[in-house]
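Asks: Sequence:
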Amino acid sequence: MSVKTKHILAICMLVAVAFVTGCSFLSPLFPASPQSDKTIAHTNPDWTFPSENELPSVALPDFRPVIAKVMPSVVSVTTETVFSGFFGQYTQRAAGSGVIIDSDGYVVTNNHVVEGARTIYVELTDGRIFSANIVGTDPLSDLAVIKIDARGLPHADWGDSSLLSVGEWVIAIGNALGEGITASEGIVSRLNVSVEVQGNTLCGLIQTTAAINPGNSGGPLVNMAGEVVGITSVKMAALGVEGMGYAISSNEAKYIIPDLIRHGRVTYPWLGVGVYTVDPYVAKTRDLPVERGALIVEIARGSPADVTGLQVGDVIIRFKDKQINNVADLIQAIRSSQVGEEVEITFVRGKSTNTVVARLIERPSI
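Under this note's numbering, the residues of the sequence shown are numbered 25 to 390, in order.
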């Protein structure tokens with residue numbers, strides 16, 4: 025064996041020893057602690073997790089009775105919408121959900137499920153299929169009511185969403201992925217949430233971990249008593265985002281549904297401002313004197329806000345008797361008012377705080 029070959033072999037053996045006994049190879053840099061025969065004083069060989077001996081096991085709730093109660097009132101909604109394209113007209117089918125709210129065939133769903141649809145079909149859990157007509161729609165709340173020609177239908181019980189608590193079990197039932205009525209369980213993650221969807225702010229939403237997939241829109245979110253506490257509407261869909269679905273609260277919906285059935289639309293009071301939430305960051309970057317409120321960034325010409333002298337740059341901090349901390353607060357305060365009502369608005373302009381009275385008018389059609 026040549027000297028060169030012996031030299032290469034020695035290097036390879038050294039590298040092999042370095043990988044196999046890496047800790048020993050580096051040991052001069054990290055000297056071992058001196059060993060001791062004494063038992064370490066703080067060890068306890070008899071220690072166990074407290075849960076093993078002290079805490080009773082808690083059984084999960086039985087969802088079956090709830091699902092069995094509600095599912096007959098949940099329907100699959102299929103729509104056909106005609107679009108015009110480069111190669112002419114084409115028809116697009118979409119799937120959604122709905123919930124029967126009385127025995128005469130009124131069905132609540134989402135506005136975005138039926139908006140622009142040429143034909144609507146409703147399938148009951150017993151397999152019967154009906155054509156449906158739109159009774160009323162409301163883009164601002166994303167709610168709609170449709171009707172089928174049927175009588176004696178099973179209908180859902182309406183619940184009180186104000187009684188919900190974070191951590192409470194809920195079940196979402198609907199036509200997930202257009203494959204038929206399914207159920208998914210979860211908990212209430214957050215209450216009174218506001219989410220902006222295509223320029224419109226949905227307020228008073230319930231956030232839940234119950235799986236909400238395409239096709240679930242318009243279906244009910246129910247509590248463990250089998251009562252509808254929400255209408256599923258929105259899901260955060262982004263890479264790495266899970267368990268962030270939203271439902272319109274039953275208490276929000278119960279004020280809108282009667283107007284849709286009686287009048288075909290909802291009449292909203294209108295102030296005529298475009299606003300942005302003020303927080304400490306916005307206050308600092310825009311040199312505002314307050315760290316909460318609704319900053320006016322746009323005023324419609326001839327609107328109540330315009331007539332009363334409100335200006336872009338004003339920060340609304342109070343509306344009637346309600347403190348305004350953000351955009352959602354202002355939207356809810358306006359929507360809880362009446363058309364024609366005179367309301368007192370407190371705002372900050374520069375270093376001064378001012379109050380004006382505005383007479384709300386009906387919101388123009390959108």
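Each hint should be verified, as a subset may be incorrect.
[Stated by the list, open to error] Now the in silico label distances, taken between C-beta atoms and shown as ranges:
| id | residue 1 | residue 2 | range |
| --- | --- | --- | --- |
| 1 | Gly288 | Gln113 | 26 to 34 Å |
| 2 | Gln222 | Trp71 | 53 to 61 Å |
| 3 | Ala249 | Pro282 | 36 to 44 Å |
| 4 | Leu215 | Pro89 | 56 to 64 Å |
| 5 | Thr115 | Glu386 | 43 to 51 Å |
If you're looking for bench data, these hints aren't it; they were derived computationally from the structure.
Heads up, the beta-carbon is just placed ideally off N, CA and C, and yes, glycines get one too.
Asks: Look at each hint and say if it fits the structure.
Replies: Status of the hints after comparison with the structure:
| no. | hint | verdict |
| --- | --- | --- |
| 1 | Gly288 / Gln113: 26 to 34 Å | holds (27 Å) |
| 2 | Gln222 / Trp71: 53 to 61 Å | holds (57 Å) |
| 3 | Ala249 / Pro282: 36 to 44 Å | violated (23 Å) |
| 4 | Leu215 / Pro89: 56 to 64 Å | violated (25 Å) |
| 5 | Thr115 / Glu386: 43 to 51 Å | violated (36 Å) |
When each numbered hint is compared with the structure, violations occur for hints 3, 4, 5.
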